[in-house]
Every structure is written in C-alpha cells, then in structure tokens.
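Chemist: Read top to bottom, the protein sequences are chains S and Z.
To convert, note that position 824 of the first sequence is 824 in the UniProt record's numbering; the numbers rise steadily by one, no gaps.
To convert, note that position 48 of the second sequence is 48 in the UniProt record's numbering; the numbers rise steadily by one, no gaps.
For the record, the hints were derived by calculation from the structure and aren't laboratory data.
Dumping the calculated DSSO-like pairs for lysine-lysine here, alpha-carbon to alpha-carbon at most 27 Å: (1) S:K828 / S:K780; (2) S:K883 / S:K908; (3) S:K828 / S:K877; (4) S:K585 / S:K547; (5) Z:K174 / S:K605; (6) S:K608 / Z:K51; (7) S:K1132 / S:K1116; (8) S:K498 / S:K547; (9) S:K883 / S:K953; (10) S:K1132 / S:K1168; (11) S:K605 / Z:K51; (12) Z:K51 / S:K547.
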Amino acid sequence: MNELKAPSLQSLLESDRGSSDSLLAESLLDVEDLDDVEYAIPPSGALPTLESALSEFEADSDIGSELGVPIPGPTPTPSIAEEGGVRNGGAGGGGSIMRYAMMQGVSAQIASAADRVNAGMATACAVSSLIGIGTSHGHILNFDITQALRWAHQDKHAQGAVSALAYNPDCSRLLAGYARGLIVMIDTQSGDVLRNVFDAITPNTGVLLLKWTSRPALALCSDSGGSVWSLSFTRKLGIRGCSSRCLFSGARGEVCAMEPLMMDNSHELDQYCIIALATLSKYFIVTIRPRLKVIKYHLLQGPPDCLPLLAWQMVLIQAADTTRSVDPVLVLGRGNQLFFHQLFMSNGRITLLYLRHVQLQANLLSVHWLGPKCVACMDTSEILHLIDVRSSKELECIDMANAGLVYGSAQFKGLATGGNVSPALALAGTHACYNSLMSRGTQLYVLGARSLHMIAVRTWTERISYLVKNQRWQEACDLALDGYRATTERPRRKAQAKERIIMLFKEYLAASARAPDYCLGAIVKCLITIGELDLLWTQLWDRLQNKSLYLQHITEHIENDNIHRVSPTISQALVEHWLEISPSKLEDIILKLDWTCLDLNQVLKAAKRYKLYRAQIYLNTHALGDYSSPLTELIPLVALENSSLGNSLLVYISSCLAGRGYPSGEIPADMAQNVKHEVLRCLTSLHSNTSVPNELPYPYLRALLKFDTRETLNVISLAFQEKEFSGELGFSHRKRIINILLEIMTPENNTWAEIGCLLNFIAQQISQQCLKPDTQLLEKVLNHLSKEKITNETARQHSERESAWHELLINNCLDEISSDEEQLRLAKRAHCYYVQEYLLEKLQRYDAILECYLNNNQRHDTMFCYMERHVSQPERKIYEQIKTNLKRLLQINAKETTRIIDFYFSEKINKLLEVAQEDEETLLTFLDYLHRRRVILSTEQSEQLLALLCKHKTEEVDAFIQQSDGYRIEEALNLVLSHKLNRTAIYLYEKNSNYRSAFELSIELLAKLRNDEAAVFAQEISNLCVRATGVLANKDCEQFWFTLLQEILPRDDLKSSTKQMLHLASQYVDLPKLVQLLMNTHNVSGNFGDIKDLLMSMLSQSRQETNTMEKALEVKGRELANAFARKRAEVKRGLLASTMRCMICQQRLYNQSDILVLGGCGHAIHDKCAETYRETLQTRRNNEDILQMEYRESDEFKINLSCPNCNVEITNNFYSNIIKLSEPSGAVIDLNETILNTESKIQVLQMGVLRLKAPPRKFTNY
Amino acid sequence: MATTARSGGNASGSSAQRPNGTQQNKNCQFKLVLLGESAVGKSSLVLRFVKGQFHEYQESTIGAAFLTQTLCIEDTVVKFEIWDTAGQERYHSLAPMYYRGAQAAIVVYDIQNQDSFQRAKTWVKELHKQASPNIVIALAGNKADLSNIRVVEYEEAKQYAEENGLLFMETSAKTGMNVNDIFLAIAKKLPKNDGANNQGAPAGRRLNDNENNRQTNNCCK
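Given these sequences and hints, build the entire structure.
Modeler: As structure tokens, then:
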C-alpha cells in the first residue's frame, strides 16, 4: 500500500468500477472480498440506482424525489396521536408510522472511501438538499439528492477528524470544522475551498458545533473549550475574509449545544437572529442581531453524563381562547426529560412560554422534530422513539442499534488537541452525537461509521398506502376512519380525506378480488362513515359471492342507527336473508329502515306470512297512509294469536288516537285529524267489511274487548282526554262510544268481571264530568256497583268497584236517583266499606265508622291513623268505639291498639280492662301489651297477668317476673308453684332471699334433668351458690357447695362441667374438705386429672400465701429501717445557741446546767428555767383562753410554746433535744447512741463546744 | 379510476378494458317505473322481462315490487332498476315516490279495457306534470294475445302515443310478444353519453366491470 499513492476518490468513482486498473484491483482484492460480505457493498460494475437500493427494504417512495421536494407542509395529515395502538395492533408488521431506509449509495461510498483512500470512519454529517459526510481523517464527501458523489475533499489530513459540518440555507456553502480547530468554507457546486479560517476559535481547541444562522454570511461555532464564536464572512475588495467574535466564553460554563432559529420571512420574529444555547447547567435564548441580548435563561438539571439537547420547529399553536398562531417551539431535552417552550412576541418583547413537559423511560441522546407534530428521540440504548407532542405519547419505536451510530466523544474529550477540556464536558461528551443525527423536515438521518440511514415519518396517506401494500386492511380502514373523523369542521380536508378513503376502497376492490369477504366489515364501516353508500350498494355488493356476511354487517349498522336506507337491491336481499334466519329480527330491521327503500310487495307479503304484525302496521301506515286496514286485517286475528298482537294493536290504536305514529314519531299534522277519525270510525263500525251473515255488531271493538277488556277501556279513556272528545260534539262522541260499549258488553257474552270493568269505567267517566249523567245509565251502573256478591270477584276488582262508586259519590252524581241513606244500605250489603265510611262521614254518623275499617281487611292500617287523627274530637266517639270493638282491635293489631289506648286514654285503662275481663285471651293480650309498654299495672293486675301468663304463655312468665315488680312475691310464688314453674320459683325464692329453698328446689330439679340441660342448670346453681356466698354464713355456703358437688360428681352426664364446678367451689370452700369429698366420691377416685387442678391450686395458693408473708415482712423491715435512719439524721443535727444568756433567767448559759435550744431563732434557755417558763405560760393560757377547750392539754402547750424572746414557734420535739453540757462530774452527754467509738465521741464533744462558739446561722425549722 | 359515483354523472366513459381486448363497455343504470290500472299485467310484464316466466294467476302487488335486469345494447351495459307499482287505487298515492326519480316509465293498459286506457292517459298526464322533464315514457297495450276481443284499437293508442311523444307497443306477457323489445327500445332512447343527463336527479351509475356475462348474453337476443 505504501508505494501506491491512493487515487483521488473522485477519479476512483468516475472510473468504471472494477476497472482495468489491475494494480488497484489486485491491491484491494482481499479488502473487497471482505466488503462484499460484511458491508454488503454492491458488486462492482454498476453503481446501484437509488430505486434498487431502496427497494431492498421497501419500495415505498424513492428518497431522491423526497429530497428534491420541498419539506412537506401541513398536508391533510390528521393527528397520529389517536392511534398509538397501531404499533401493537399490527399483525407482525410493525408500526406504520416510521419508515426506515438505508442510504445505500452514500453508505457504499463512505465504506469505499474508508477502505480505499484511507479516509477513516465517518464522523459528522450535514443534510440539506445535499448530503455532506465528514470522516475521521479529515475527508469530506458531498453527495447530491440522488446519492451520487459530487465531490470529495481530502487535503486536510493534519487537522484531524471532521468534527462538524453545516450547509447554509441556500445550500451554496458548506462549513466544515475540524478537531484541531480549523474551519473551512467550501463551495458546494465546485468543491473549492473558499476560506480557511485558522484562528477563529480559542487556540488549541477543536470545533464542536457549526451552525449557520438566519442571517446570510453569519455562522456560529462552538469549540471544545465551551466558547461560542460568531463568524461573519466578509469579502472586501474581492478578498474573502472572516471575522470571529467571542459571544460566550467557556470560562463561565461551557456551551455544549446551540441551535439557531431558522424561519421564513413571514414571522414577526424574523427581524431577530435568535439562537438557543445550552450549557451543562443552564439554557439561554439569545438574540445576536440586531444586538446581543439574552432573552431568557433558566436552569436545566439533568444527569452529568447527558448533554442538553435543543431543537426548533414552527408549530401551529391553538391557544385556549381559540386564537391560532404559528410560532417557533423549542424542545429542550436533558436526561429523560423533554420541555417544550413557545417563543413569541408579546407587547414588543420576545417571550418564552412554557408549554409542556414529557418524561421518557430512558435518557436521551438526541431530540429532533420530525414535522410539527412529533419529536424523534434517540435514547442511550439507541432506540428511536417517536413521540406525539400533543398527547405526549410514544407512537412507535425502532431499534437503531444496527446503524452503528457515530459518537462525537473524541471531539468532546478534545483528544485531537491534547485533552484540554474540562472533566464535566468530557464526561457529558461520552454520549455526544450532535453531528451524527440530522433532521430535515420529517426525515431523520442517522450516521453510522460506514453508513447513512434514514428514518421518515409517513403521512396519513402514506401510512394507509403502507398498510394497504401489506394487506393490512383492518388497520388501514381504522386509520383511514380516524383520519377522517379528525378532520371535523375542516371541509376541504374532509373532502381530501374522503377522497383518500375512496381510493383505499378502490385499492381494496382491486386487491381482494380473490377473497371478497376479507375485512369486509372494516370496509363497510368506512364507506358508511364517509357516506359513500352508492359504492357500498353497487361495487362492493356486486362482487360478493357469499352475501350473508355483508348483510350481517349492514344489519349491524342498521341496528346501530348508522344508516336508515339501503338500496332496494340490498333491502330485498336483506329481507330474504333474515326471513330464513330470524323473521323477528327482520321485523326490527324493517322498523328501523326508511320504508321507501323497501320492496313493499315483498316485505308486506312476508310480514303477512310470518306474522310480523308490527312491521305490517308500520308499513301500512307510513307507506300506504292506510291507518284502518291494520285494524280491519289484524283485529279478527287477535283471538287466534298470542297476546303480543293484541297488545301491539292496542298500542297502535292508542297512539293513533293520540296523533302519534307507530312505532315512533308523529303522524303528520295535516293527517292526524283524519287518522283519528278513521281509526275511530273503523273501531266503531257496525260490521266488518268482510261481513259474515251472523256477525255480531261492532266486531272490531268486540274482539278487542274480548281480548282484554280492561286495557281496551284504558285505551278509550286515554283517548277521551284528547281534544276531539271535549266540547259538545266530543261529549256526544263519548256518549255514542259508551252506548256501543254497553251494547257489546252483555251478560250473555261477557263475564261479570268484564262488565264490571266497563261499569267502573263508565262510573269514572261520569264522575269526571266527562259524560252527561243520565238516569237510566246511572241506575244501571249503580245496580252493578251495589251488587251484593259477584262471583269470582278478585280483591282488585272489588276495590275498583268501590273506588268507582266512591268517585260517583264524591262528585254527587247519584243524588238524583237515590238518597244517602239508601246508598248506605246498599253499600253495607255490597260490603263496600269504603263507600260506607264515606257516607257515614257525610252523614256525620261517626259511631259506626270504625266498624267500616274493621270490616275492610285492606284498611286496618289506615284505621289506626284514623283513630289517632280524630281522637281529640269527642263527637267522633273514638273511645266508645274502641270500647265496643276492643276485642277485634286487639286481634287485629294489639300493639297499635294498646299504644293508642295508653297514649290517649291512659286514664280509662282500668275501664277498658273491665271490658276485657269478659274474655281471658283478650285480657291477657291487653295486659301483656300494656306491660310491654311499661304501663304501671296495679298489684292485682300484675298478678292477674301473671296468672294468665302461667296459664297460657308459660314461656313468657320468666321474662315477666324478671321485668316487673308489681306483684307480691309470696302470691307470685304460690301461683308459680301451683303451675309447677320451678325455675321461676327458684328465681322468686332468691329474690325473696330464701336461698335455702331456692337451692333445695334447684337440687331437686337438677336431679330430674339430664345431659346438656343438666349441665346448663348446674352452672346456674353454681351461680346461685356464688350469689349466696355474700349473704349466707360461710358454713351454709359450704354446705350448699358440698350438696351441689355431691349431686354433680357421681353423674356421668355432668362430667364435662365437673372440673369447672370444682374450680369454682374451691374459691369458696375449704380445700382439704373438698379433696376429701372427692376422695370419698367413688366415681372420681380413679381420675387424678379432675383433682389435679384442685391440688395444684391448693399448692399454688399455699405458695402464694407464703410469698405474701415474706414480702410483707420484708416491707415492714424496710420501713422500720427507714424510720430509724430518719430519726438518726435528725438527732445528729447540730444545734446552735446564738446568745450566751438564758432567755428566762438572763444568767449565763454555761453554768454547769442543761440547756435547751429553742429552735429557728437560736435562743436558748436553761432546762430548769424552761420548767418554770412552761408552768407560768400554762397558767396564763388557762386564764386567758378558756374558750380553746378543744386543745388537749399536752398538745396545747407544745403547739403554743414559743420563744420567750422573739415568739418563734418551737417544734414538738424540742424537749428531746436537751443539750447536756460536759460536766466534770462525769455525766456523759447522750448525743448519739450509735457512736460507740470513744475517740469519735471526744471529737463530737469538741465539735459541740466549737459549734457553740461558731457564728450564728439560720436554723431551719425541722 | 378516478371517476366515482359521487360525481353524479350517469354513464362513465372511462372503464377498464375487458380482458379479451374487446372494445370498452359503458355501464349505465336506470330507474324505471311501471304504472297503470290494476290487473292490466304490469307485474306479469316485468316478470316476463326479468325472469322469462308467466303466471296465469299473478297475485296482486302490494305497494310496489322491486326488480333489476341488465341489458346489453351495442357497447353499453344497461341495468334497469324496475319499480313495479301496485295498480290498486289505494296505492295510487305511493306512485310519485317511485316515478319522481325515474328516468323511464312504462304506462300499461289492457287492450280489452277502455277504462284502463283512460287511466293510462291520466298517468301519462301526471308523469308529464310531475316527473323529471326528460323522462322516457313508453305506452304498453298489454294482453295483445287476446286481440280478438280488444276494445282499444291499436291505431287509437298509437295516435295518442305519437301526439304525446311516447314509445308505443302492444305487448303480451303471456306470449312474451314485444316484452323485451319495449324495454330495449326504452334503453336505446335513454341518454347514455356523459353529460347528456346532467340535470335532474342523480341518474345512472357506473357499474363494476365484472358483470355477469351469462345474464348479459341471455337478454341481448
């Protein structure tokens, strides 16, 4: 290789590949082999065309043309936010939004340059309408849009790698920055170097970023020192020059990202030249023209190994107040955070407005706008995420690890200039790829070491095309519909979207000719949504072999009210289809469809055959405007068919008479009147049109009445509320109908219940003043109403009869034909108590009203309300009526009755009780409920109740005995014993404190009981014993226990409770005796377990007692010792005499006699003087204070003794503190018994002497 | 393929070539309505035309019946959507719904029944008054097989038809006489070229190409 001078790349490429240059071929032979395998370089011979290159991946659209076309503007691209599910939903096909393509031509050239001319790996790229690639050995390759190499530049080996490239906006100049700091400007047409700028940036640093600004001839450059330089290119007198100016010094924070705002001239911000800059801790928005000014800066936090990321995009922003504006939006990325800011002019100032924040899963390498709606983010694991800005959701992701992304770490670490960069920048630079990821419009270019890749975002139409091409019709349809729906309110776009869907439909038709059923539902839905029904009816229908699926889909849409008409062809098929499967479903469909699209002949005949009566009615009325034929045709069938027909007809008649359409809607106003008349005429026609000879008159109405009298009458009564039936004419109509009804409903043809319905109906009509009352009719009605007995009359019918009658009475309709008295008699006979009550009320004969209530089972509840309501009115005679009907009232609801009596007639209870005496049961109930209401009963009443309870309800005796104490115990006891209610008796004995009797009775009872009962009872007895303990003497108690135990222990059935019993007993009786008893009872002798506890408890009890004793002794001893110590401390305290004279005798103190120190004051007296002082004091006291007799003699003196000099009180123990002075006579001062040592005694003595001489000090009163 | 039914044009000129390389076919769709008094043989006429059948006791139509038939005329495939209305008086009010959007109408009378001819005249009058102005009307004197007991003379009807610009034929559903011919005549008279029928209601539609050939041949005789 050394002797071979590498030919220029250009010449290499211009020459035929695999040329006759044998030398070259030989020398590169092995390399080429390698290339073919590893880098998939196309075989030499022909440069691969772009088409062929791209078709290897997908023949979507060619890149060349895409590069050529202007950046797509806002085409009818509906937001792709709505369906992020596409990515997951696609059946193995992956997402449809991002399109990946490898730039085969460019990649081949990069690889070949690296291999053949030692250009090194690619390090930087720039994409505009040209593609520029820089390599690590300083080569620059320039490609045009067809990926053809236009020129290569390769004479800057010494400058290190190409670290940054930038095309100017019109693509006529390329700026290239090198790792060693050189900046070169190249003419893109010729490849000539126009300027070499050596000293533009900080010396000994490399170029990191190069950006053209929106001003021509003004570029920006940042270096590895973190400084930003503006480069203004000049051409003075034809000499090209460049002046650089430092905008930001890296000393104050290194700028690692910068992004100038490029925009067209229409925006108000275009007068400014704006750039966004970011350091590792802040970001800035700066204008550099017309003057340098910081608009905004803000902190930007993030992990230290992540670089800040910046990207601008013009975005249509709809504000909350629906104003729209196209403003630049800056996306700021750091770590896994994205921040969106809008830049706009507000009051002449440039303002940055925070829009939103997006948090992603992983840290980011790059952020680029791909169109105004989405942002592409490459994360650190080289996965490209497409984020929809509006929804902040990830739409798709694609793994770019295979691209072999180039990182600009070497430049950030300044390897080419000796590594003179800050550690922070070097660390952050590990993930730098500012110059290897470039966006252009909706495309993103990813530079690999030996390849260039492109990711493009498909537009809505492209995505549909893509899905169509992959035969993913379902997704394509869904997407198309989403797009269509998103175009609401924008007619032009809507039309475009519609056109696209129609195109999709055509593609579908063309593609699925073999399997016409495939994804039919989706296509049908599409067509219905966009309203292209004609296509649905013709093109889609005609090609189907099996129509049933299609019909199913159509049916679904009809049922969901998406379509209301279909073409006649389809409707015919639909009818046939559903007739086979489910005629009832067909009926529903017919009712939903517009009748004009139906083949009436077919449908009506089918409806008749399959008895689709509702459909028949619907079509007859709507299509034919024929409202009477459903009646004439269908009413005769009512009797033969199930009830649904009859009911449907009733609904139909009702809605016709009310002017409503069937099954929904309204009858047109101009027809309504006619329809009503027609229907009514038809109903009341005397004979059917197919009149048979012996037909009964009014066949239609008759049939309906026969079908359901009540409902038919309801229909008529509803109809009567219409305005046609009001007024003079209306009344005559009513009259006529009523007469017809009466004529039809004869006892010969109808049951009485049916006639009853009619008469009730008439009565209602009369009472509502809807019918002229006429005597004959009234009599007829009254006759029915007052019938004594109607066979098979249900309660409901009866109450209807009653209420009809009641209505009549209320409205005074019967005045003319009978009197109230007469009515009352009739009502009584007919058991119409409600009517009777009304009449009584009317006649003010209150004394019998309660009886009406009593007789009417349904109204018992109201009866009590009635009583309460009127209880205060004497004329209602409630009390009297209660008295009369007491027994029945108590039977009906004793609780309520008693409540009312107690509440309102408490003073008359006794009288009522007298009434109740007649019947024992009544009395019992009454007393019982009175007792339950806590009414205080007299002794006799209580005992009476007790007696009755004993007799009739023994189970409640206990409860009564325990709750009440109105009885005499003796009497109660007698009663109870006479009824052998032993347990109650036991309770009573106990209550009477007659424990012995209670106990004896219990034991007696226990002897009779067996098993569980006995066990429970034994427990009760033991409880009794426990209670007795407090009252009886110990001996008696013990006897109780032993009797009980003697009873219990031998019994097998009480084994379970034995132990418990013994345990209980052991607390109350002498344990040894208990053990003895156990030993003697032969039944338990063998069972040590039973007495083990007993013995154990004895032992533990004993141990406990011993412990207690010991503890008590210990405590006592300690108390004594403490008291002694206190005493000693007291005694050891020194005493001080402050004067040298006795206070009494005024003699010197130290005259060989004993001294008393008086206390706190320190005065002292002689012992002997004290004697006299006390005596004199006492005699004086006795003389002066004779009244103070409460003082005891001894106390009085002590308490009142005070120092004769200063009246300081002297304490009680004063006399014990006699100080005996040392006397030569040898009398020993008994200062302290505890001091045995003579030596220390001497010391003490000396101290005592000393102390006497010590200066006086306060002596606290002890 | 850009032309769609939305355009409202009745006959699309552009159509894909047949696989066998024959000349291009136009596809037209026309709505046709049959009118006339009851029991003159409207349903029988249609049944003969569409299915080639004849029932001696054809039950009376309720409302209207819908049928389709396709004809081949020269290079055009004509699809008739036929609404066979009921003749009974009570269904008279329905008729406007069917003839309003129709491009063609056949008014049928019974040659044995003068009243039916009079009724046919009133139908024609009504059509002239209320239907689309360029509706093609044909007058059919049905039951021609019973011409020996005819009441309405051929000349009388012919003259009436000429005066009013109607197609006229005497037909027989029973024998099939003139049945296809009258439909064919109508199809021929109907405008099939683009833009000829661009006013009025949406008239015809372009059909899908893969039309059933058998059917086409069957009715082109």
